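Chains as they are written, first to last, in this note's numbering: chain A, 1 to 417; chain B, 418 to 677; chain C, 678 to 914.
Take the hints with a grain of salt, since some may be wrong.
Unchecked claim - Straight-line C-alpha distance at most 30 Å; calculated DSS-like pairs for lysine-lysine:
1. A:K410 to B:K461
2. A:K242 to A:K396
3. A:K181 to A:K60
4. C:K785 to B:K502
5. A:K8 to A:K68
6. A:K127 to A:K56
7. A:K409 to A:K334
8. C:K781 to C:K802
9. C:K732 to B:K502
10. B:K434 to C:K781
11. A:K181 to A:K68
12. B:K423 to C:K690
13. B:K673 to C:K732
14. C:K751 to B:K423
15. A:K278 to A:K156
16. C:K705 to C:K856
17. C:K775 to B:K436
18. C:K690 to B:K565
19. B:K675 to B:K569
20. B:K502 to C:K690
21. C:K802 to B:K434
22. C:K907 to B:K675
23. C:K884 to C:K690
24. C:K751 to B:K502
25. C:K802 to C:K852
26. B:K673 to C:K907
27. B:K565 to B:K436
28. C:K682 to C:K907
29. C:K682 to B:K569
30. A:K156 to A:K208
31. A:K278 to B:K461
32. C:K775 to B:K675
Stated by the list, open to error - Pulled from the structure, derived: some chain B residues nowhere near chain A, Cβ distances all over 10 Å:
33. L471
34. I480
35. Y487
36. I585
37. Y587
38. G599
39. R620
40. F666
Hint data in this document are derived by calculation from the structure and do not stem from the laboratory. None of the values given here were measured: they were computed from a predicted structure. Ideal Cβ placement from N, Cα and C applies to all residues, glycine included.
One letter stands for each residue in the lines below.
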Amino acid sequence: MGIIRIYKVFLLLLYIALQISPVFPRVIFVNPSGEIKTISQAISNSNSYDSVFVVKGYYKESNLNINKPLTLIGTDYPVIDGTYSNSNILTVTSSNVIISGFIIKNVGVSAVNDNAGIKVTNSNYCKIENNRLFNTFFGIYLAKSKNCYILGNEVKGNGNVESQSGNGIHLWQCSTIVIQKNRVVNNRDGIYFEFVSNSSIQYNYSSKNKRYGLHFMFSDNCDYINNDFIDNGAGVAVMYTKNIKMQNNRFIDNWGASAYGLLLKDIRDSFIYDNEFKNNTIGILAEGSNRLDIKRNNFIRNGWAVKIMANCIDDNFSRNNFISNTFDVATNSKQSYNKFHENYWSEYDGYDLNNDNYGDVPYHPVSLFSYLTSQNEPAIILLRSLFINFLDAAEKVFPSITPEALVDKKPLMRPIK
Amino acid sequence: MNNFLKILHFELINVLKSKWIIFYGLSFFFITEAIFRLGGSGSKAIVSLLNLSLILIPIISIIFGTIYVYNSREFIELLLTQPIKRSQVYFGLYLGLTFPLSISYLIGIMIPFLIHGIAEPIVLTSLLLSGIFNTFIFTGIAIVIALKFDDKSIGIGVALLFWFFFSIIYDGLVMMLIWQFGDYPLEIPLILSSILNPLDLGRVMVMLKFDLAALMGYTGAIFEKFFGETIGIVISLIMMSIWVIFPFFYGLKIFKTKNF
Amino acid sequence: MIEVKNLFKSFGKNLVLNNINIKIDQSKITIIAGPNSSGKTTLIKSILGLVNIDKGDIFVNEENNRNSTIYREKIGYMPQIGRYPDNQSIRDVLDMIKDLRGIKQIDKEDELISIFGLEEHITKKMSTLSGGTRQKVSAVLALMFEPDILILDEPTTGLDPVSASKIKEIIIEEKNKGKTVIIISHIMSEVEELADKLIFLLDGEIKFQNTVIKILEQTNEKSLEKAIAKLISLNKL
Chain A
1 MGIIRIYKVF
11 LLLLYIALQI
21 SPVFPRVIFV
31 NPSGEIKTIS
41 QAISNSNSYD
51 SVFVVKGYYK
61 ESNLNINKPL
71 TLIGTDYPVI
81 DGTYSNSNIL
91 TVTSSNVIIS
101 GFIIKNVGVS
111 AVNDNAGIKV
121 TNSNYCKIEN
131 NRLFNTFFGI
141 YLAKSKNCYI
151 LGNEVKGNGN
161 VESQSGNGIH
171 LWQCSTIVIQ
181 KNRVVNNRDG
191 IYFEFVSNSS
201 IQYNYSSKNK
211 RYGLHFMFSD
221 NCDYINNDFI
231 DNGAGVAVMY
241 TKNIKMQNNR
251 FIDNWGASAY
261 GLLLKDIRDS
271 FIYDNEFKNN
281 TIGILAEGSN
291 RLDIKRNNFI
301 RNGWAVKIMA
311 NCIDDNFSRN
321 NFISNTFDVA
331 TNSKQSYNKF
341 HENYWSEYDG
351 YDLNNDNYGD
361 VPYHPVSLFS
371 YLTSQNEPAI
381 ILLRSLFINF
391 LDAAEKVFPS
401 ITPEALVDKK
411 PLMRPIK
Chain B
418 MNNFLKILHF
428 ELINVLKSKW
438 IIFYGLSFFF
448 ITEAIFRLGG
458 SGSKAIVSLL
468 NLSLILIPII
478 SIIFGTIYVY
488 NSREFIELLL
498 TQPIKRSQVY
508 FGLYLGLTFP
518 LSISYLIGIM
528 IPFLIHGIAE
538 PIVLTSLLLS
548 GIFNTFIFTG
558 IAIVIALKFD
568 DKSIGIGVAL
578 LFWFFFSIIY
588 DGLVMMLIWQ
598 FGDYPLEIPL
608 ILSSILNPLD
618 LGRVMVMLKF
628 DLAALMGYTG
638 AIFEKFFGET
648 IGIVISLIMM
658 SIWVIFPFFY
668 GLKIFKTKNF
Chain C
678 MIEVKNLFKS
688 FGKNLVLNNI
698 NIKIDQSKIT
708 IIAGPNSSGK
718 TTLIKSILGL
728 VNIDKGDIFV
738 NEENNRNSTI
748 YREKIGYMPQ
758 IGRYPDNQSI
768 RDVLDMIKDL
778 RGIKQIDKED
788 ELISIFGLEE
798 HITKKMSTLS
808 GGTRQKVSAV
818 LALMFEPDIL
828 ILDEPTTGLD
838 PVSASKIKEI
848 IIEEKNKGKT
858 VIIISHIMSE
868 VEELADKLIF
878 LLDGEIKFQN
888 TVIKILEQTN
898 EKSLEKAIAK
908 LISLNKL
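Using the sequences and the accompanying hints, generate a full structural model.
The following block contains the structure:
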């Protein structure tokens, strides 16, 4: 054996490699003043696994189809302007596509087609990264895709009427998707999940969307963690789903006649931990939601911290802070099948004789007025009337109408840090 | 100087020298200051102040007013033996009470706001405006009561009843109405009932600008529409003014023909 | 001069003054006497305009008192109970009334203050003063403008003997100056001492009115007290 032998083996391997992959991956440059001036030209010239680098410039293009594995990278944010034509700007129908570093704007609004800035269908291993999408009707749209990564994008809608805007990041029939560090504002729904599974939404900022900051349906086994949902038209809705983990999110300033921090509808076996609900009309509205574990959340200055309907069973609220809410808990039934346990209630005025940090008197978080208004909405016109104060005080001393079972028998004396 | 102004001047000094009025202004000051120091933000402070105003203003105005008029009986008599018209004495008495009460309320609340910065100027304005209206309304009612009933203990009892009615009974009746007719659209009757009681009117106007509209859903939207539009604001102001004017002139009528 | 014609006044169903006709002359002291709730105070309050009369007319110096308030400039009134705003001093109240009448300075004021010994109290709050002291303030207020007509409702009640005799001296002095003086009193010694004319009211009606001399002559009694007793018993029959 000698050096010659090794050299021969190398040549053999090289030969085999060249046989398998007929062409080496190439790099194609797009430059307004260069040889290839348009992105569409670059795409059609490219082979699978090529990289297309788009130099800073203004490209009036739309309906770009990527049907092979491709890396599309913008340097210094080139602009792709769809000039409001009735199509997607980028359509991905292949796996292994990366789109990164573009400003993508102006997609035509359509009542028939869900036109998007970037639409990905039937794809595996895609990565949409660091793009900025403006006025794109739908922003980033994923359908029937798996194992994709949506990172650091900004999607800003035109923010007009609900019917004229699409969703910021829209997922339909997807699984194992990671959505991270995106910023979605002024869309219809900030982030939309329908039939998605095993996916994760993290560190996103969703604000001023016309409808929901996050709209989440039929999407089991997902989690969303460390997100900010601020001042959305109707807050966040999570519906018809099980096994969700919602942790460390902030639900703030979702204020309006039918707005809530978090709407839970037909959810089960899920976890809501360490979130902050602040200045929402309703912190959490729960309907038909069972076996939820709601722990260590802060409910601060909401109209209603929690509205829990009679069709919720076996939900557990423990070690939450309820601070300065107009109403702590409202329900529409005299029965309660849920557990409130070891929470801190700023309205609690009991005492703690044995100094174990638990109040010695149980706390009934549903005030009489809260109960009356959930039975008969217009009664809330009497909010902060002296009459109501008297009524609530009387009910506290001699409870007779409010749900007896909805009680925190071990209220905390001090808030949890 | 006009006799009325002389009497007003004298009454003002007299009322301002009273410990009551100082205490009244100071309690607004200290409570407002405390709300700020305990970390209440501007809007939160206003809601707490609304609660406070709704309790303090009517009861102090009506009780202080009634007692003041009773205690001034002999002095009013003395004034009436002087060459002065009765109406001038009445104006002096009325404004001599309403001015200091309104002013100590305003100062008590405004100083902390000026120190800590004015937040929510519109809500604050409606709070102060409704507070001043209610001061005039309940002082006017107090004077009528004190003129109408010569017996001081009866008068104070009636004053308390009035306060009790406007603050508590009235809203109890509204609650019954809502309960009885819960199946019918109640927006219009509720707007009406809110307009008819000056305390409710003040409360609803402030609350709508704050959080009521959002908490009320559909009903709130209708309320907000009514009270937010010029016509609603004008109607509210007219109603408040009627509540001021009616006791004022009724009191004047009694005062002019009263046997002292 | 004061003239009351056909005066009727009732409080509710209760007829308090029933057809009163009197004439009160200048340079005379007229005393209105009568038991409690006989209508004495209501009568003088009618003259002052404090009470609205039902029927009849009252002329003060030939001016009907319904039509104006100016006539009150000529009246000095001392109420039965003098109560003043608690937080004001005597000085404040005196200044206020002077101010109302548009008078800045009057000599009589200081004289009266010293006569009644009010100097030491002059800056004290009214609420700290005794009933007697307040009564003296009322006297000063009634007298300081040197009015043509003095109307005094039980002026000596509650006063110490020294002040009481001082006020009586002043009353006689004022009469001699030509003033019209009306006093409500049921202290017989006072009536005997001061009265030129006596009007006796019972249940809102004038039981009799006459000069003291004539009353004594008529009843053939030496003391006024007995004469009155006699007249009342005669009237009852």
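Structure-based check of all given hints:
Between K410 of chain A and K461 of chain B the CA atoms are separated by roughly 28 Å; this keeps the pair inside 30 Å, and the hint holds. Restraint check for K242 of chain A and K396 of chain A: the C-alpha separation of about 37 Å exceeds 30 Å, so the hint is violated. For the hint linking K181 of chain A to K60 of chain A, the alpha-carbon distance of about 28 Å falls within 30 Å, and the restraint holds. The straight-line distance between the Cα atoms of K785 of chain C and K502 of chain B is roughly 26 Å, inside the 30 Å bound, and the hint therefore holds.
For the suggested pair K8 of chain A and K68 of chain A, the alpha carbons sit about 35 Å apart, so the restraint of at most 30 Å is broken. Distance check on the hinted pair: K127 of chain A and K56 of chain A sit about 21 Å apart at the alpha-carbon level, within 30 Å; holds. The hinted pair formed by K409 of chain A and K334 of chain A meets the criterion: a straight-line CA distance of about 17 Å does not exceed 30 Å. The suggested pairing of K781 of chain C with K802 of chain C holds, with an alpha-carbon distance near 22 Å, which does not exceed 30 Å.
For the suggested pair K732 of chain C and K502 of chain B, the alpha carbons sit about 21 Å apart, so the restraint of at most 30 Å is met. This hinted pair checks out: K434 of chain B and K781 of chain C have alpha carbons roughly 24 Å apart, not beyond 30 Å. This hinted pair checks out: K181 of chain A and K68 of chain A have alpha carbons roughly 27 Å apart, not beyond 30 Å. Distance check on the hinted pair: K423 of chain B and K690 of chain C sit about 38 Å apart at the alpha-carbon level, beyond 30 Å; violated.
About 17 Å separates the Cα atoms of K673 of chain B and K732 of chain C, which keeps this hinted pair within 30 Å; it holds. Restraint check for K751 of chain C and K423 of chain B: the C-alpha separation of about 20 Å stays at or below 30 Å, so the hint holds. Between the alpha carbons of K278 of chain A and K156 of chain A the distance comes to roughly 24 Å, so the proposed pair stays at or under 30 Å and holds. For the given pair, K705 of chain C sits about 7 Å from K856 of chain C by alpha-carbon distance, which is consistent with the 30 Å threshold.
Taking the CA atoms of K775 of chain C and K436 of chain B, the gap is near 27 Å; set against the 30 Å cutoff, the hint holds. For the proposed pair K690 of chain C and K565 of chain B, the alpha carbon gap of about 17 Å is at most 30 Å, so the pair holds. At roughly 16 Å between alpha-carbon atoms, K675 of chain B and K569 of chain B fall within 30 Å of each other, so this suggested pair holds. Distance hint between K502 of chain B and K690 of chain C is fulfilled; the C-alpha atoms sit about 28 Å from each other, no more than 30 Å.
Distance check on the hinted pair: K802 of chain C and K434 of chain B sit about 11 Å apart at the alpha-carbon level, within 30 Å; holds. Only pairs whose Cα atoms come within 30 Å are accepted, and K907 of chain C paired with K675 of chain B is rejected, the gap being roughly 38 Å. At roughly 21 Å between alpha-carbon atoms, K884 of chain C and K690 of chain C fall within 30 Å of each other, so this suggested pair holds. For the hint pairing K751 of chain C with K502 of chain B, the CA-to-CA distance comes to about 15 Å; that is within 30 Å, so the pair holds.
Restraint check: the Cα-Cα separation between K802 of chain C and K852 of chain C comes to about 33 Å, which exceeds 30 Å; the hinted pair is violated. A hinted pair counts as satisfied when its Cα atoms are at most 30 Å apart, and K673 of chain B with K907 of chain C does not qualify at roughly 43 Å. This hinted pair checks out: K565 of chain B and K436 of chain B have alpha carbons roughly 26 Å apart, not beyond 30 Å. Taking the CA atoms of K682 of chain C and K907 of chain C, the gap is near 27 Å; set against the 30 Å cutoff, the hint holds.
At roughly 34 Å between alpha-carbon atoms, K682 of chain C and K569 of chain B are farther apart than 30 Å, so this suggested pair is violated. Between K156 of chain A and K208 of chain A the CA atoms are separated by roughly 10 Å; this keeps the pair inside 30 Å, and the hint holds. Among the hinted pairs, K278 of chain A with K461 of chain B is consistent with the structure: their alpha-carbon atoms are about 13 Å apart, no more than 30 Å. Straight-line distance between C-alpha atoms of K775 of chain C and K675 of chain B comes to about 25 Å, which keeps the hinted pair within the 30 Å bound.
Non-interface call for L471 of chain B relative to chain A: violated, since the shortest CB-CB distance, roughly 6 Å, does not exceed 10 Å. Against chain A, the non-interface label of I480 of chain B holds: every CB pair exceeds 10 Å, the least being about 15 Å. For Y487 of chain B, the condition that its CB be more than 10 Å from all CB atoms of chain A holds, with the nearest at approximately 26 Å. Not every CB of chain A is more than 10 Å from the CB of I585 of chain B (nearest about 5 Å), against its label as outside the interface.
With a least beta-carbon separation of about 8 Å from chain A, Y587 of chain B fails to lie farther than 10 Å from that chain, contradicting its non-interface assignment. Listed as outside the interface, G599 of chain B is inconsistent with that label: its C-beta sits roughly 5 Å from the nearest C-beta of chain A, within the 10 Å cut-off. Some Cβ of chain A comes within 10 Å of the Cβ of R620 of chain B; the nearest lies about 6 Å off, and the non-interface call is violated. Interface exclusion of F666 of chain B from chain A stands, the closest Cβ pair being 28 Å apart, more than 10 Å.
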